[in-house]
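Colleague: Go ahead and model the full structure; you've got the sequences and the hints to work with.
So the protein lines, in turn, are chains A and B.
In terms of my numbering, the numbers along the first sequence are unbroken and rise by one, the last being 428.
In terms of my numbering, the numbers along the second sequence are unbroken and rise by one, the last being 428.
Check the hints yourself; a few may be wrong.
Covered stretches of chain B (chain A as the covering partner; in silico rule of three or more C-beta atoms under 8 Å from a C-beta of chain A) [claimed, not checked]: (1) 35-45; (2) 236-246; (3) 335-349.
The following residues of chain A were derived to be distant from chain B, with all beta-carbon distances above 10 Å [to be verified]: (4) Asp25; (5) Val102; (6) Gly113; (7) Val131; (8) Gly148; (9) Ala176; (10) Gln201; (11) Asp259; (12) Gly292; (13) Gly293; (14) Thr300; (15) Ser305; (16) Arg334; (17) Gln389; (18) Gly390.
Hint data in this document are derived by calculation from the structure and do not stem from the laboratory.
Since this is a predicted model, take the numbers as computed values, not measurements.
Yeah, the Cβ is synthetic: ideal placement off N, Cα and C, and Gly gets one too.
2 protein chains.
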Amino acid sequence: MKACIIAVGSELLTPLRIDTNSLAITEQLNAVGYDVRLKMVAGDDIDELARVIRVGLDTADLVVCTGGLGPTADDLTREAVAGVLQVPLDIDETIVDRVRERFARRGLMMPEINRRQGMVPRGAVALDNPHGSAPGLWIEVGPRRIVLLPGPPREMGPMLEAVVRDRLAARASGGPAIFRRVLKIAGKSESEIDQAAAPIYTRWLDVATPVRTTILAASGQVELHLSVTTRTKQAADQLLAAAVSDLQAALGDVVYSTDGRTIEAIVGELLRARRMTIAVAESCSGGLLLSRLTDVPGSSDYVHGGVVCYSNRAKVEWADVPEELIVRHGAVSEPVARAMAHGMRARAGASAGIGVTGIAGPGGGTEDKPVGTVAIAVLADRQGELVEGVRTFRFPGGRELVKFQSATAAMNMLRLMLLRDT
Amino acid sequence: MKACIIAVGSELLTPLRIDTNSLAITEQLNAVGYDVRLKMVAGDDIDELARVIRVGLDTADLVVCTGGLGPTADDLTREAVAGVLQVPLDIDETIVDRVRERFARRGLMMPEINRRQGMVPRGAVALDNPHGSAPGLWIEVGPRRIVLLPGPPREMGPMLEAVVRDRLAARASGGPAIFRRVLKIAGKSESEIDQAAAPIYTRWLDVATPVRTTILAASGQVELHLSVTTRTKQAADQLLAAAVSDLQAALGDVVYSTDGRTIEAIVGELLRARRMTIAVAESCSGGLLLSRLTDVPGSSDYVHGGVVCYSNRAKVEWADVPEELIVRHGAVSEPVARAMAHGMRARAGASAGIGVTGIAGPGGGTEDKPVGTVAIAVLADRQGELVEGVRTFRFPGGRELVKFQSATAAMNMLRLMLLRDT
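Modeller: Below you can see the structure in the form of structure tokens.
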């Protein structure tokens, strides 16, 4: 079944605020079999609100609106719905009484304006709001349903859960639901991944219960989002596992995560499983590699630490890079990256080391070594023997993106080295 | 004039992703007089896409779509627009050549699939994409306009600026437009700021051309967003400058930015103006402070570098913290933070030093020093005399938020120290 989510409020049409309620709503609706096909944001204007509600009813079996249920004159969702359905708005005195009691419990008189919150399009059922004065509304329109919920997430959340549990799940019960898996990939471009994955995901579209794949690329990482619609979670898990395993077979070890974990978490687990520690010397990534490694809870168990050595002097003094290497090859070079990794690992007495040196830009590029040129060296102790990998990358994008891709590439090199290690 | 923004991509209809492009688009459209009245998010389905484009054209004078311009079969925005306008899709070989050159510059062959990015609904004008392969498109439909932009913000941003400047600004000239200013504040809570600012911003609502203020708090930083609607930028600038100056007078030096600059940029300028350099020793912030400092282009001029010293041994060996200090006061203590700042500054021969040590969590907290306890020391050379500041914070939130607030607080301490320095 199809769902449409409408967020109501002029503040959501400014550069300052964004609708985030729809994420939680989508998650809950997906889990009981509703497919969210359209999201809309409309301001506090009765005609424009009515228009989007009409579009929602034309598109979907279920329309969920959040916001516009407050007591003020610009809270117009009730009026707009009544207008679309061409039913009168009645005042439900039980709702008004409940609002009045809510004020009374805090020792306050209910302002007269709050009577508006008792307005109900004829035929609608009030939904209890344990955390605020605005009740929600449940409206049946032939085979379609409209749910009106207040905008504040603290009020919306529990009401959503209740309406999903008590009214939507039953309706959808036994019906199909959407289940998802995400494959995360590093070290390949979106088009390379698509070329390799397309034969697989195209085939998975052509089976009895198709698995849909969306390819997403951001900040030099690629994700494949798989989704399947089945009647049970078990059936979904089986199909998704099979599709994931086909895709992994086609893509190889560039896939680093099939369960949502970040590359820093994956690398952390590989290090932890091997009882290894790591030290890092980074130049162009400016601390981001260490910061991402330490974003993982418990990373102090395996991150010894490291240095950010922007200046040549810092490279020499803090990571024991021989000065003549910098003179001979330049600070951005594979020999210097290697020396940084070796120097830092030795200083820390760690089992793995990483050196990152490059040109993050916007300045500092040359014809030979343009902005985005980054040399990365990774080394790890394999049962007493030191294994080493060195690569030079040319990353696209601005300063922050070069930093981010440098850190990702370094972690990915280490990941592959540790994987091959077993 | 009315605008509608459409974000395209099935991933934006999952619980995992949200459209944020529309915030930047709204800001730019507002500045040239477009009022955003409707936002929609549609998936990669040609019929549903066509439907929302039709709704957009029914609602607004301008429809801006982002996303769905990539090379893959589920990038359908071009097709959907052509369908709505009932025009054929031509292949523009100049676009294809440009995409091919882009690949060639990186030593790659263009995959055949990228020819799709040369598809143009007849009558559309291609918009140059300096940061990616997908060109944008500009389409005139009688009095209405459609702008198609790619989804990745890095590509979308510059293209949006160009199309607003070159095509939309002229069109909208003369009408009232919305102008904004943002005050950024560190070191105070949202309610403290609101208490101090409310008398000022309430007064500014009561003038002939009111200036509206919204208070927003996130990640331990507070922002005041001011907006005013006027016919000229000059009139807006005058009003906004006056309101900003009133607010600054009330709030004092907790306001670090009135022009959108980040605290890392502000601190960088203060250091640069004083020809100072900085070295950092950080523990719980795990490299994030250095990473944020080095996010600023040109920061290699004043960031000497630093160490991430998670382990006690690293604190002793890399930042010259006397071991007995750690034994006596614990690693998370003001004496250790001071020693880290002093040790690092001396090692680097820098004019300023920062030491950050704390408990980012989720583990490691004690009753005495719960998760979020962070000691920060800042020192700077004031004409030969060393000035020092040390504070202990107790930050709310999870690991990443504690890291972020630690880095912000350290930069804010340095900022205030340097400001008082003159």
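Colleague: If a hint holds in the structure, say so; if it does not, say that too.
Modeller: Here is how each hint holds up against the structure:
1. 35-45: Since three or more residues must qualify, the claim that chain A covers the stretch 35-45 of chain B holds, with 5 doing so at under 8 Å.
2. 236-246: This one is violated; 0 residues, fewer than the three required, reach chain A with a Cβ under 8 Å.
3. 335-349: That given contact is violated, which follows from only 0 residues of the stretch 335-349 of chain B lying within Cβ reach (below 8 Å) of chain A.
4. Asp25: Violated, since 8 Å does not exceed 10 Å.
5. Val102: The claim holds: Val102(A) sits with its nearest Cβ about 31 Å from chain B, beyond 10 Å.
6. Gly113: holds (22 Å)
7. Val131: Fine: 27 Å to the nearest Cβ keeps Val131(A) off the interface.
8. Gly148: Non-interface label stands for Gly148(A): nearest chain B Cβ at 20 Å, farther than 10 Å.
9. Ala176: Label holds. Min Cβ-Cβ 22 Å, cutoff 10 Å.
10. Gln201: Its Cβ does come within 10 Å of chain B, the nearest being 6 Å, so this is violated.
11. Asp259: holds (21 Å)
12. Gly292: violated (3 Å)
13. Gly293: Gly293(A) is in fact no farther than 10 Å from some Cβ atom of chain B, at 3 Å.
14. Thr300: violated (3 Å)
15. Ser305: violated (8 Å)
16. Arg334: The assertion about Arg334(A) holds, with a minimum of 21 Å to chain B.
17. Gln389: holds (24 Å)
18. Gly390: holds (23 Å)
Hint violations for this structure: numbers 2, 3, 4, 10, 12, 13, 14, 15, all remaining hints satisfied.
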